[in-house]
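Asker: Below are the chains, spelled out letter by letter.
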Amino acid sequence: MLRYVLKRLLLMIPTLLGAAALVFLLMRLIPGDVCVLRLATGGGSMDPTVINNCRVELGLDQPYLVQFLAFIKGLATFDLGKSMWTGRPIVNEVGLRFQLSLQVAIMATLTAVLIAIPLGTISAVKQNTWIDYVVRAFSIAGVAMPSFWLGILIILGILITSKAWFGQPWMPPIKYVPLWVDPFYNLSMLIWPALATGYRYSAVATRMTRSAMLEVLREDYVRTARAKGVFRKLIVRRHALRNALLPVVTIIGIEFAFLMGGLVVTEQVFNLNGLGKLFVESISNHDYNMTQALVMMVVAIFAFTNLVVDIVYAWLDPRIRYSR
Amino acid sequence: MKVQCSRLLHLLPAALLLAASTSGEPAQAQQPKKGGILKFVVPDEPPSFDGHRETTFALAHPIAPFYSTLIRIDPEDKTAQNYVCDTCTEMPKPTDGGKSYAFKIRKDVKFHDGKPVTVADVHATFQRIIFPPQGVSSARKEQFGMVESVTISGDDTLVFKLKYPSGAFIPALANPFNFIYAKATLDKDQHWYEKNVMGSGPFIFETHEAGALVKGKRNPNYHHAGKPYLDGFEAIFAKTQTLRVQAIRGDQAAAEFRGLPPKSRDDLVAALGKDITVQESDWNCVLLMTPNHSRKPFDDVRVRRALSLAVDRWGGSKDLSKIAIVKSVGGIVFPNHPLAAKKEELEKLAGYWPDINKSRAEAKKLLKEAGVSDLKFTLTNRAVDQPYTIVGTWLLDQWKQVGVTAEQKMEATGPFYASLNAGNFDVALEFNCQSVVNPLSDTSKFMPTDGAQYGKFQDDELVKLHNAMNRTADEAEQRKLMRAYEKRVLDEQAHNLITLWWYRIIPHRSYMKGWNITPSHYLNQDLSVVWLDK
Amino acid sequence: MATISQPSSAAGDFAKPRRSRLAVVWQFCVQNPLGAAGGLVVAVMILMAVLADVVTVYDPTRNNFGAMLEAPSSEYWLGTDQYGRDLYTRIVYGARTALLVGFVSAFVGATLGLILGVASAYFGGRFDLVFQRVMDVLMAFPLVILALAVVSIFGTGTLNVIIAITIPFIPRCARVVRSSALAVRETPYIDAARACGFSHTRIVLRHMVPNVMAPYLIMMTAAVGQAILIEASLSFLGLGVQEPVPAWGLMLRGGAQEYAESAPWVAIYPGIAISLAVFGFNLFGDALRDWLDPKMKV
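Chains as they are written, first to last, in my numbering: chain B, 1 to 324; chain P, 1 to 534; chain D, 1 to 298.
In short, the hints are calculated from the structure, not lab data. These numbers come from a predicted model, not from an experiment. Just so you know, nobody snuck in bad clues.
Listed next, the in silico DMTMM-like pairs over lysine to aspartate or glutamate satisfying Cα-Cα at most 20 Å (straight line): (1) B:277 <-> P:385; (2) P:322 <-> P:282; (3) P:195 <-> B:281; (4) B:7 <-> D:128; (5) P:364 <-> P:374; (6) P:99 <-> P:148; (7) B:277 <-> P:209; (8) P:188 <-> B:57; (9) B:277 <-> P:44; (10) P:400 <-> P:369; (11) P:409 <-> B:281; (12) B:82 <-> P:194; (13) P:456 <-> P:142; (14) P:263 <-> D:261; (15) B:82 <-> P:209; (16) P:215 <-> P:44; (17) P:358 <-> P:347.
Please build the complete structure, drawing on both the sequences and the hints.
Answerer: So this is what it looks like as structure tokens:
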């Protein structure tokens with residue numbers, strides 16, 4: 001097991017390096033220059049010496065190889081540098097948004113799990129009944145609906161419902177306050193994007209749970225248990241669910257990794273100051289340092305989550321052998 | 001619920017408030033109440049905190065409250081034509097045939113760190129703005145083209161010497177972006193103010209949460225006694241318009257100071273009734289299409305004129321004013337200003353003819369003559385819905401009527417300006433937004449030599465007209481020259497083509513008092529006279 | 001290992017007449033009613049998109065401010081938007097954009113993934129190892145960010161959106177195909193083919209690829225639905241096609257949010273169109289998978 005973990009960790013390094021090279025290349029392929037962007041907005045005149053000074057200051061006049069090596073060195077020493085757009089340390093800029101994105105990701109995952117596992121189980125147990133069809137329709141709708149559309153509908157729904165119930169339209173807060181400072185305010189803001197995103201992920205997880213449960217329910221040991229006369233519920237909980245959960249855990253783990261930094265559209269709809277928004281802004285601002293740092297962070301989270309999920313998988317199911 | 005209590009309170013001065021809110025005039029009879037935090041939403045985030053460098057409202061709204069300026073528009077004057085002192089003692093009369101202005105600086109102005117504001121600080125500030133040192137970007141340098149020198153006289157007087165008398169000098173000086181910085185700080189680091197805030201204004205900088213908000217608290221040592229009334233303010237950044245409207249609706253914010261489209265106003269009024277006050281005004285902002293003269297076939301004046309002739313401005317004004325923040329048809333001068341063209345004069349210019357069919361037939365004819373009857377090109381536009389995308393979509397449809405097929409390319413603000421500066425476009429939809437209404441200097445944008453002119457052309461006649469217009473003090477002569485200037489820009493040479501003038505609609509919560517709308521969304525944003533009636 | 005099974009006419013005592021294509025389709029519909037429904041939705045959509053000029057009356061891009069924000073009526077079946085353009089017309093023409101982007105991205109992405117995945121499984125060794133890492137890197141990139149980067153480099157517009165959406169599909173398809181291909185590689189007839197001296201290309205294209213058609217088709221149908229969703233997200237963000245070209249995501253941008261309360265049809269119908277399209281493709285894809293791979297039948 002230890003050898004396996006070590007081997008996987010070692011294999012992560014080329015992945016990370018590859019991602020670093022890719023993002024470095026991509027950013028420099030995009031036409032435009034952060035200095036021109038910073039200094040020529042608003043239609044003011046452009047002084048070439050000012051632009052030049054800016055480029056020198058940010059190290060953009062160096063040959064690409066030198067820039068790349070500086071980038072790698074920064075990664076290795078965990079020094080992410082300063083944002084080219086605002087000049088502030090990247091760690092600070094990211095830290096602010098990280099809190100919010102993490103919270104939304106956790107809440108969305110919780111929502112997904114709380115919906116998916118019971119629904120998927122029921123749907124599998126009562127296969128081909130109307131309950132099954134309803135759940136399947138519900139989950140397929142979740143996968144089919146664009147999450148930003150769901151977000152728009154949710155906001156619309158809140159407005160109409162609050163007007164009907166309270167006489168005054170109520171809007172979720174637009175300002176972020178950390179959970180420990182004012183839990184009610186914080187939750188009243190983040191529950192909605194969590195729901196909009198969570199519904200979509202619950203759909204994926206429901207289908208996975210359902211298919212995994214169905215496979216498990218056909219296994220011999222389940223049939224034996226039923227023949228023994230064990231209660232249906234006990235079978236489900238003690239034998240079936242645990243084994244069915246393995247692939248579900250995989251899916252949930254991987255989806256969670258995507259939630260960090262991937263919620264670009266949802267953040268726009270709900271005005272969340274999260275990593276997705278930062279991503280989009282840094283790309284359109286040509287803020288190389290920021291985009292590179294963010295991509296590396298997301299890739300690292302993804303690779304790491306993959307690893308953790310695989311380890312948990314192997315640990316939980318001794319039958320699995322990783323020979324390759 | 002809190003809301004119901006305030007509803008009851010509103011019943012008492014209902015008569016007063018009813019008249020006030022429906023006519024859009026805030027009640028003046030009440031005494032300002034002290035206290036409270038004003039929350040408002042801002043559509044965009046500023047790229048830096050340096051007022052001298054930036055020109056966007058995204059800087060003015062959250063940051064102007066922290067700074068003082070030398071002079072400004074009287075915040076209590078609704079016409080926005082009255083200039084008063086902020087950090088000077090009194091408005092000086094020009095001497096030396098109108099070429100010299102001497103400002104005496106107040107002795108009681110202090111920066112928020114306690115250090116006093118001296119004439120040396122004001123001097124360093126205007127040196128930076130008018131004669132920026134190497135490596136410093138000053139966006140309003142050209143507006144001060146008439147200034148010869150800035151000197152200190154005595155221990156508290158700042159003297160501006162002009163090359164020639166100019167009616168554009170005082171308005172330029174009153175620009176709200178002329179924040180007063182400290183000389184000591186500038187001497188150490190000319191770029192310090194880009195990332196930091198240290199002003200002498202009505203509010204002290206509290207926090208900035210990147211991407212989220214800016215907070216300020218009351219300055220107890222503000223040199224205008226008794227103000228500000230507010231305890232503080234919160235400027236929350238919200239890029240989506242719908243969210244801003246909903247924030248006002250849900251009382252998460254009291255106002256948005258840029259401007260909302262008529263639909264949003266109607267929704268808010270329908271939803272909130274008396275709790276919303278609407279103030280409206282013509283806006284000193286206009287969208288114009290600028291063909292790139294260095295690209296074929298836009299070097300041909302016939303093609304440029306055709307592009308203007310195809311557009312039905314009169315009809316568009318009626319239609320677009322329902323869904324966008326544009327309204328008035330006008331030339332290059334702010335509508336209804338004495339220097340602006342009257343309707344009869346306007347109708348003679350290409351693109352403003354009352355008969356659109358005749359206009360479009362002429363456009364088709366010109367295109368045919370130029371050999372590009374089936375012209376295809378890309379309109380470079382800014383990726384902001386109000387009003388850029390809407391006006392762009394409308395223009396595309398107008399051009400289709402004369403056989404011109406265009407498509408839009410939306411670019412974020414940064415890349416948009418990069419394209420414009422590099423001349424990387426066919427036709428661009430850009431804007432001319434100024435603060436104080438001052439047509440003589442506002443129209444300098446159309447000069448081929450102006451820093452904000454992207455058309456890439458030469459036109460000495462235009463330069464002559466503009467300079468002559470600015471040198472004369474006779475208003476009749478100014479008007480005559482302005483008409484000739486306008487005709488050349490819009491009709492004869494079709495260098496830049498005006499579309500529609502913007503219209504500012506500010507629906508705000510009725511408990512926010514003391515704020516008066518002006519024709520510019522840059523003005524009146526230091527919030528020193530705003531108070532909350534709660 | 002999944003292969004498309006067809007009863008052979010030379011099966012001796014159990015010889016049955018070869019089923020006609022129509023009979024095969026009919027059996028599919030009967031066994032998978034949901035899939036058939038999905039397939040129907042897809043077919044109708046494709047038909048309407050192709051015959052857009054026939055099934056619509058109005059011009060999708062012509063402004064008509066006199067009919068601004070009209071409610072659905074007999075004149076404007078789904079109402080009009082803020083420019084006075086008929087919503088039904090724009091949705092039908094929008095289907096063109098959606099289907100074009102969806103099919104091309106899915107097909108190109110899945111096919112490239114197929115070839116690369118099979119080649120990687122076949123050649124194995126160092127090539128496989130490197131290939132795996134490259135695919136890992138591409139997969140770890142958040143989809144929207146990759147699309148954003150591509151659009152920033154190449155600009156907006158339909159072709160660039162297609163490129164932007166195709167790229168993330170390649171590693172995902174390659175992964176799945178590779179697993180199947182690995183199993184195929186172990187079969188004796190691949191060894192036999194090598195023994196016969198067939199070239200690598202021939203073996204890959206003639207022997208391995210046909211045997212991984214099932215996962216390939218499944219990935220492709222799943223990809224179409226996903227591509228439509230991503231295209232909608234990109235045009236919602238303003239990175240896809242631009243006004244006045246009709247595209248479902250674009251129709252939900254800006255105006256729809258603003259008028260959601262007073263003119264809800266502007267916000268609801270384009271969303272329904274997207275959902276229905278993805279719904280249809282997913283159902284059809286699911287049923288296809290069940291039908292092709294009896295082991296996975298749930």
